[in-house]
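Peer 1: Sequence:
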Amino acid sequence: MNSKFFLGGIVGSIVYLLLGWVIYGMLLKDFMTSNGATMKANSDMVWWALIVGNVALGFLLAYVIGRGAASVGSGAGTGFVVGLLVTLGFDLIMYATSTNAGSLKLIAADVAASAVLSAIVGAVVGGVMATSKKSVAAA
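Okay, so the sequence shown: first residue is 6 according to our numbering, each after it adds one.
Hints were generated in silico from the structure; no laboratory data involved. What you are looking at is a predicted structure, and each value in this text was computed from that prediction instead of being measured.
List of simulated lysine-lysine pairs, DSS-like, C-alpha gap at most 30 angstroms:
| # | residue 1 | residue 2 |
| --- | --- | --- |
| 1 | Lys34 | Lys110 |
| 2 | Lys110 | Lys45 |
| 3 | Lys45 | Lys34 |
Using C-beta positions, here's what the derived DEER-type ranges look like:
| # | residue 1 | residue 2 | range |
| --- | --- | --- | --- |
| 4 | Val27 | Trp53 | 14 to 24 angstroms |
| 5 | Met44 | Asn7 | 29 to 39 angstroms |
| 6 | Lys34 | Ser8 | 28 to 38 angstroms |
| 7 | Ser103 | Lys34 | 17 to 27 angstroms |
| 8 | Asn105 | Thr136 | 37 to 47 angstroms |
| 9 | Tyr100 | Asp49 | 19 to 29 angstroms |
| 10 | Ala46 | Ala117 | 24 to 34 angstroms |
| 11 | Val27 | Val91 | 15 to 25 angstroms |
| 12 | Ile98 | Val57 | 17 to 27 angstroms |
| 13 | Tyr68 | Met44 | 25 to 35 angstroms |
Cβ coordinates follow ideal geometry from the N, Cα and C atoms, glycine included.
Using the sequences and the hints, build the whole thing.
Peer 2: As structure tokens, then:
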């Protein structure tokens, strides 16, 4: 693995974790719970799983963004599409097969929030990967 992929994945993981906490844990928390989401209290969270999940998402975006020309703009666009499609697919499958998937209103909000979150993370990852590519080329 090259260093830009690793750096992009790590930075993406951190931004996903922190921005996800702001968006889901603070801004949308009341909306989510009032529309069928069952959120755990901080003391009941399975932190290792939350961290590993965010690491997986950070490296997913680094991988996809790294396949093309990495930049802030292309990272944002790629992040938006990846976040939208992955969340839409997962949420609708859960809605079809689970008894605790929440309402369609909840799913729409989750898909929109995830697409925006992933666009922001994608922009950061694209910027990091573009910068690390330039610094490697200059050396």
